[in-house]
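> Here is how the chains run, residue by residue.
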Amino acid sequence: MSTLLELSGVSVTFDGFRAINNLSFQIGEPELRAIIGPNGAGKTTFMDIVTGKTKPDEGRVLWGDKGISLIGLSESRISREGIGRKFQKPTVFEAQSVRDNLAMALRNPRGPLDVLFYRKSAQGAARIEAVAEQIGLTDALERTAGELSHGQKQWLEIGMLLAQEPRLLLVDEPAAGMTPAEREKTTDILVEAAKTRAVVVVEHDMEFVRRLNCKVTVLNEGSVLAEGSLDHVTKNPDVIDVYLGR
Amino acid sequence: MSDASLSKETISSKEIGPKSSKDFATTPKRRSFIAQNPSVLWFLLALAAFTLGVTLLSEAAGSAVISTSFVKTLGKTLCLCLVAIAMDVVWGYCGILSLGHFAFFGIGGYAVGMWLMYARTEAIVAENLAGQIIPPTQAEISDAIASQIFGVVGASEFPLIWGFSHSLILQLAMVILIPGLLALVFGWLAFRSRVTGVYLSILTQAMTLALALYLFQNDSGLRGNNGLSGLQNIPGFEQVPQAQISIAFFWASALALGLGYVLFAWVLRGKFGSVIRAIRDDEARVRFLGYHVESYKLFIFTLTAVIAAIAGALYYPQAGIINPGEVAPIASIYLAVWVAIGGRGRLYGAVIGAAFVSLLSSWFTGGGVPAIDLGFYTIQWTDWWLVLLGFSFVAVTLFLPGGISSLFDRLVRKET
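Protein sequence lines, in the order shown, are assigned to chains L and Z. Residue 232 in numbering that gives the first Met the number 0 sits at position 233 of the first sequence, with consecutive numbering throughout. Residue 76 in numbering that gives the first Met the number 0 sits at position 77 of the second sequence, with consecutive numbering throughout.
Just chain Z, with the same shape it has in the complex (with noise of 0.2 Å):
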C-alpha cells in the first residue's frame, strides 16, 4: 500500500471519528442482504402466503374451491412473472429493450417439451408393442417412436436434434445451454457493434421471427406448426392425478419464481447494480468511468436469457402444448407491456404487471366478462380485450408512468 492511501485512511479515520454514529446507517459493514432490500423479505413472505392458500384450497388437499385447471393457470401465471421479471432486469434496470425474451421461454419449453413427447411416446409404444411373440429390436422400437411423433408432418425419423430427447437430464441442460448460447453469441454480436435502442429492438424481434418461422416449417423437426403436445402427461407419473401433478408444478414455479427474484435482486444490489442502472442512463459515461460496457451487458442480456427459458420449461408442462405460435414476436410484445404497465425498474412491479395482465387477459378471453349489448352492436370481450388493453396501456404510459407499482411509492410518501 502506497504512504498516499495510508495518509487518506488517516485522514478520514479521523474525520469518521466524532459521527461515528451517522456512519454506522452509512458504512454498510455486513448488513445482511435482506436487511437492505426488505422488499425481497415482503415478497418472500407474500410468495409462500399465495403458494399455501392456493395448495390447501386445491382438490390435491380436498377441499377443492380452486379447480385444477385453475391451479394449472396460477401455476402458468407464475412462471410469466419469472419471465417478466427477467424481462424488467434487461429492460427496466439495464435499459435494453429486447423483444426476444419469450422466444428464450419458448426454446425452454421446446426444450423439456421434446424429452416429455419421447419419453410419453416411448411408453405406449413399448405397451403395444409388448404384446408381441418375437420381442422387437430396438430399432422398431425407436421407428415406432418417430412415426408416431411425426406422423403429423410426414416424418418417420428422428431428427438430429432429437438427439438427447431420450435423456431427461440432457434435454434439461439444453433448457440452459440452448438460450444461454443462442442470448451469448447474438447480444455478443449486437453489443459488440454497438447496436442500441430502437435498433437493437428491431434486431432482437427480427431474431423472434426467425426463430418462430423456423418453427413453423414441417421439416424444422419440431413438428411445425403442430407444435408439442400432450406435455401435461409426466412420464412415469401417469398415474398420478392431475390435480396432484398441478400442485406439484404449481410449487416448482414458485420455488422458481421465489429463487429467480432472491437471485436478480442479489446481483442488482450494490455497485453492480448501481453500474447496471447506470449503463440504462448514460452507457457512454460509464465506458469513460472504465467499465467494459459489452461485457456488462452480455452478462444481463444471458442471464436474463436463461431464467426465461427456465420460467418457459415450467410452464409448458402446465399449459400442455406449445407451438410456434407462443414464439412470435407479438408475445414478448406482451411481456414488454406487461412490464410497463406494472412498472420498470423494480421486480415486484414485473410480477404485478404480469400476474394482473395475464389474469385480467384469461378472464376477459376466457368468457368471464359478459358481453355488452350497446343495441346496435354487441361489444365481445375475446375480440374487444385487446383495444381495452391498448387503451389501458396508453393511460399507463401518460397518467402513471412508473407503472401499477408506483403508486404504492406515493402511498408510502403519503404516510411519512
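For reference, chain L alone in the conformation it holds in the complex (with noise of 0.2 Å):
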C-alpha cells in the first residue's frame, strides 16, 4: 500500500475560527478509511480542502505518486486528477435520466469540444450497464433522476463517482436517511469500492462504520485525535471524553 494523499500541517481559519487545526495524516492506496467526529470536528473542511473548494492557510496537500500539490488547482482540475466527492445531500441532477447522469460522470475527456463532438460508443454503454449493475439501477436507467427514492439517489451519485473511476473517493455521511437495508447495501458497495482504490468514508453513525470495518481516524477541534481500529480508538479514554462520551 502506497501513500495516495498525504495531508502536512493544514490550517485553515473562517473569521478567526481554526475550522482545521495543523492537521496531518495519510491515505494509501488501496485503503478504506472512515473519519469520524463530534460537530465542528472538521469533517467537512477536510473535504472542501482536499477537492479545492476551500484554500488552506498553511500545510501541504501532496498527491499521487508524484507528490504533486492540490493546493491552488481548480475543482475541476482536481477531479481531472482522480478525486471524486459525495456530498451529504445527495446531488444528482434530478432533471435528467439515470443514464444521462452516469454518462456525464464516466471517464471521458472533459473539454468542451472533446464533449461536444463526442459520440455514444458500445464501451460506454457497456460501462454505464455495469456500473448501473453495480447499484442495483439497472432497471431504472431510463427514469428521470428526480423521480428515485432518497436511498436510489445516493446510490446514483456513489454510481456516478464510480463512472468517474477515481483513484480516491471522498464520501460524506451515505448513510443518511437511509433503511437499514439500505445502509447494508451501501456498506457493501463502499467495500467492494475500496478493493481497488482509496475510499474515505465521513459518517456519525457507529454501527455503520463497524460495519465498514476499517481504519478509523478521529477528528476533533480540527486534528486528528486517535487513529487506528474501532475497538482500539473507542477504548482511548481522549475519544470517550470528547466524542462518545456525551
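Some hints could be false.
[To be verified] Short derived list, chain L residues pointing at chain Z, Cβ under 7 Å:
1. Gly71
2. Glu74
3. Ser78
4. Arg79
5. Pro111
6. Leu115
7. Tyr117
8. Arg209
[Unchecked claim] As a list, the in silico SDA-like pairs of lysine to any residue whose alpha-carbon atoms are at most 25 Å apart:
9. Lys54/L x Arg191/Z
10. Lys52/L x Asp281/Z
11. Lys270/Z x Asp14/L
12. Lys270/Z x Glu141/L
13. Lys270/Z x Asn107/L
14. Lys270/Z x Glu30/L
15. Lys234/L x Glu30/L
16. Lys52/L x Lys65/L
17. Lys270/Z x Arg142/L
Since the hints were made in silico from the structure, they are not lab data. Computed from a prediction, not measured in an experiment: that's the story for all the values here. A virtual CB, placed ideally from N, CA and C, is assigned to each residue, including glycine.
Build the complex from these two chains, which are given one at a time in their own frames, with help from the hints.
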C-alpha cells in the first residue's frame, strides 16, 4: 500500500475560528478509511480542502505518486486528477435520466470541444450498464433521477463517482436517511469499491462504521485525536471524553 | 487497454446479450440526428411551409394578399425568433440570465448598417459629382461621403471605426467578430470570477446600458441618437422594388432561423446538452465531476451572442433604421419576457414566445385593436399594451410556469 494523499500541517481559519488546526494524516491506496468526530471537528472542511473548494492558510496537500500539490488547483482539475466527492445531501441532476447522469460522469475527456463532438460508444454504454448493475439501478436507467427514492439517489451519486473511476473517493455521510437494508447495501458498495482504490467515508453513525470494518481516524477541533481500529479508538479515553461520552 | 476494462466489457456484453432487442432502443448506434430530435424536423417543415405561404401571398408573387410592409414585419419577426432561441439557449438551457443579448443583436445591426449607409451614400455622391468638368479626387469623394453621413452630428470626417465600412465582406466579418470578442472578454471576466445568478444579470445589464449610453453620444462615431438610417435601400439593387427585396430578406431570415435552430439543437443534443443543463441545475456539482464549468459557459455565451448579432444584421435592413434606443436595456428584458412566455428550455418555446408576443405587440401598438371607451376613461392600447403585457407575464409565471409551449406537453400526455 503506497501513500496516495498526504496532508501535513494543514490549518484553515474562518473569521477567527480554526476549522482545521495543524492537521496531518495520510491515505494509502487501496484503503478504506472512516473519519469520525463530533460536529465542528472539521470533517467537511477537510473534504473541502482536498477537493479544492477551500484553500488552506498553511500546510501541504500532496497527491499521487509524484506528490503534486493540490493547493491552488481548480475543483475540476482536482477531479480530473482522480478525486471524486459525494456530498452529504444527494446531489444528482434531477431533471435528467439516470443514464444521462452516469454518462456525464464516465471517465472521458472533459473539454468543451471533446464533449461537443463526443459520440456515444458501445464501450460507454457497457460501462454505464456495469455501474448501474453495481449500484442496483439497472431497471431505473431510463427513469428521471428526480423520481428516485432518497436511497436510490445516494446510490446513483456513488455510481457517478464510480463511473469517474477516481483513485480516491471522498464520501460524506452516505448512510444518512437510509433504511437498514439500504445501509447494508451501501456498505457493500463501498467495501467493494475500496478493493481497487482509496475510499474515505465521513460518518456519524457508529454502527455503520463498525460494518465498514476499517481503520478509523477520529477528528476533534480540526486535528487528529486518535487513529486505529474502531475498537482501539473507542477505548481511547480522549475519544470517550470528547465524542462517545456525550 | 487495461485488463480491468477488458473484463468489464466481457461482463457487460454477457449481460446485454439476452435482452438485445431492448438495448437497440437505448444504445444510440448511429441513429440520425433528426430521428433523435423529431421536433427539429417538425419545426423545419412548419418554417418551410410558412415561408412558402407568405411568398405566394406577397406582392412579389403578384397576389398581394400580404402587403410588403407586413412581409417585412414577418421577416423581422423571424429574426426576433432567432435571437429568442439564442436567449433560450443561454438562459433556459445554461441558466445564465443574460440581459445583454439584445445589445449583441444591435451591434450586428450597426455593423451591417455601416456598410449599407456608406455604400449608398457613396453612390449618391458619385452621381452628384459626375457632372463636374474636373473629375473629383478620391479624397473629395471621401470627404463628401463623410459630410453627408456625419453632417447631422456636426462632423465631416470618418471616425476610426468606419475604417472597414467600404467593404461588405469586412463589415460582415465585424457582425461576428465584434459581438464575439465582446462576449468572450466580458464572459471570461465574469465567469472566471464566478459571478452568477442575479449579479451576473445586473452585470450584463450594466454592459448593455454602457453600450447604449456610448452610442447615444454624438461623438461616438455612429451618429448619436440619429442612428443609422435608410438601411432598407440595398446598394446595387436600387432598381429592384421593395416588394422583392422584402421577400429576399424574408427568405434569408427564414434560412438563418432554420440553420440557427438546427445548430442549437445539434449543440444541445447528447452529452454536451446534458452538461449544459447540469450547469444550470447545479454548477458546483458539475465542477466536482471534472468539467471546467467556466469554459462551457463561455462557449455558450459567445456562441449565442454571435447568433444574436447575425439575427440583428438581418433585422435592421428590414427595419430600415437603427438607433441607440434599440440597444437600451429594456429590449434585452423584453427578450427574456418572450422566452419566459413561450417556455424556457425548449427551442420552439422561444420561437412561439417571440413570434406571439412581438406580433401581438405590433398589433396592439400599431392601432390594430380598437380603443375601449369606458365612459369615464378610454383605454388607448398604445399606452395600455405594456400593462397588458406585464399582467400576462405575471399570469404565465403563476399559472403556466413552463410557458405557452408547455401546453403541448399537456396535450401529448392526454393522448397517451
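> Now tell me, hint by hint, if it's right for this structure.
Here is what the structure says about each hint:
1. Gly71: violated (15 Å)
2. Glu74: holds (4 Å)
3. Ser78: holds (4 Å)
4. Arg79: Hint holds; Arg79/L Cβ to chain Z Cβ min 4 Å, cut 7 Å.
5. Pro111: With a minimum Cβ separation of about 5 Å from chain Z (threshold 7 Å), the hint on Pro111/L holds.
6. Leu115: holds (5 Å)
7. Tyr117: Hint on Tyr117/L: holds, closest Cβ of chain Z at ~5 Å, below 7 Å.
8. Arg209: Not OK, violated: Arg209/L not within 7 Å of chain Z, min 29 Å.
9. Lys54/L x Arg191/Z: It holds: about 17 Å lies between the C-alpha atoms, which stays within 25 Å.
10. Lys52/L x Asp281/Z: Since the Cα atoms of Lys52/L and Asp281/Z sit roughly 15 Å apart, the hinted pair holds (cutoff 25 Å).
11. Lys270/Z x Asp14/L: violated (41 Å)
12. Lys270/Z x Glu141/L: With a Cα-Cα distance of about 15 Å, the restraint between Lys270/Z and Glu141/L holds, given a limit of 25 Å.
13. Lys270/Z x Asn107/L: holds (11 Å)
14. Lys270/Z x Glu30/L: Not satisfied, since the Cα-Cα distance of roughly 33 Å exceeds 25 Å.
15. Lys234/L x Glu30/L: holds (23 Å)
16. Lys52/L x Lys65/L: holds (22 Å)
17. Lys270/Z x Arg142/L: holds (17 Å)
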